[in-house]
Amino acid sequence: MAWFLPGVLGNLFGGPATRLYPFQRREPFPRARGHIELDPSKCNLCTLCARRCPAAAINVDREKKTYTFWPFRCIICEACIEGCARKAITLKDQWRPPAYAKATEVYNIVVPEKPTAGAGKTE
Amino acid sequence: MSRQTVVPFGPQHPVLPEPVQLKLVLEDEKVVSVLPAIGYCHRGVEKAGEINDIHQNVFLVERICGICSFTHALCYCEGIERIMGVEVPARAKFLRVIWSELHRVHSHLLWLGLLADAFGFESLFMQIWRHREMVMDLLEKTSGHRVIVSTCTIGGVRRDISEEHLNEILATSKEIEKQLDKVAGVLAKDYTIRKRCVGVGVMTKEQALALGAVGPTARGSGLANDARLTGYAAYSELKFEPVVETAGDSYARALVRLRETYQALDLVRQAIDKLPAGELAAKVRGNPNGEIVLRVEQPRGECVYYIKGNGTKNLERLRVRTPTYANIPTLLVTLPGATLADVPIITLAIDPCFSCTER
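Those protein sequences? They're chains Y and W, same order as listed.
My numbering puts the first residue of the first sequence at 1, with every later residue one more than the last.
My numbering puts the first residue of the second sequence at 1001, with every later residue one more than the last.
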């Protein structure tokens, strides 16, 4: 009799199985797929990332020298990171928070004549 | 002469994990016949597979289903590799086995929880899904994502599993087995579970063979079919037997899935034991030219892929036949004669995954 007592006592004094989110958050694991970021100073408009993207989240315009990224289309598959020869795109482990509107990120790329030119970013 | 009513066990139902409509023809409480209707989840994946190029298709195909996602990618990549004659490094084959079996563990744990939820045993449902979280954390640590792991690529795998993570997988598998023993105890001894599952939805071995049932649905009726025995990825070097029960009812299928979870954890341990050092992926150049039919054992059964390439970077045809598609006809045999209250249990016993079925 009272075969259920170990289970009941275990549940009573065991503590909750869940975290009190959003007050207690877990740190993301290393190399978790959070979001993608571009470093515009390293980009040379080769368009390899746009061709590889399965979700069509990147558009590179060589005439206007812009790099457009739609973060809400991105599926964080890292195909662009594998394609980029300059390592201009990096993976960050913090996921993007929800937003009220879908964003578009546009970067103006200045392809350097000398190795140390910079680039601007507009949103 | 009792009257017959048609009740739609509709696409939206709290018990169904995914949408299907079963028009149940009832006489007073017993089901006389059933008309399944699918199509609520169709996304045109096969057409999209012809528009994307072959490398982008890996990401498309692994999103056909969230629960068996890696095995879809594995089947696709293995098919393209066989057409093009690419030799996958040995380490990649074993890593693919590890991820496939981890998917099998989390899929069967999900199903056991849903079975408990189907007859209202919510505390068991929550406990089982709590143990499943250990597997999801393992998937996230080794690949970055919890559900769609995106680690399979044509030629091998994209990420390595470090020594530290391998040790963590071994420790977690022991922990899961310990917790599963308690769950197995409940499934074996609980009077209510046995009353609701034993003898419900019986399908004989001849019926299973004639209808073309696959996976645990067929193995619960005594058919020892397992597509892993064909030896894709590294399965030819691992030792295992198909898990078979002979009773043919929903309880037998639940037992098959429970024992397969233990078997999957054992396969993970065997694979980690034999994991060789080496490269992760072979270089792939060129385009596939030819066709292939490939079978893979997903958690729900045997999945068949037909891939046809014509030498360009787009495929000419990608055809997917998923296991639930083959298991739906078994409902025509198991549902008639059951009472209305048994319908959720029998439908769940085939482990329906309609996002797979309708692609």
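To be clear, the hints were calculated from the coordinates, so they are not data collected in a lab.
There may be inaccurate statements among the hints.
In silico contact screen, one side only, chain W against chain Y (beta carbon under 7 Å); selected entries [as the list claims (entries may be wrong)]:
#1 Ser1002
#2 Gln1056
#3 Phe1059
#4 Glu1140
#5 Lys1141
#6 Gly1144
#7 His1145
#8 Arg1146
Being a predicted model, the structure only gives us computed values, none of them experimental.
Just so it is clear, CB atoms sit at the ideal spot from N, CA and C, and this is done for glycine as well.
Hint-by-hint comparison with the structure:
1. Ser1002: With Cβ-Cβ at 43 Å, over 7 Å, it is violated.
2. Gln1056: holds (4 Å)
3. Phe1059: OK, holds: Phe1059 of chain W within 7 Å of chain Y, min 4 Å.
4. Glu1140: holds (6 Å)
5. Lys1141: holds (5 Å)
6. Gly1144: Holds - the Cβ of Gly1144 of chain W comes within 7 Å of chain Y, reaching about 4 Å at its closest.
7. His1145: holds (5 Å)
8. Arg1146: Violated, because the Cβ-Cβ distance from Arg1146 of chain W to chain Y comes to roughly 9 Å (cut-off 7 Å).
When each numbered hint is compared with the structure, violations occur for hints 1 and 8.
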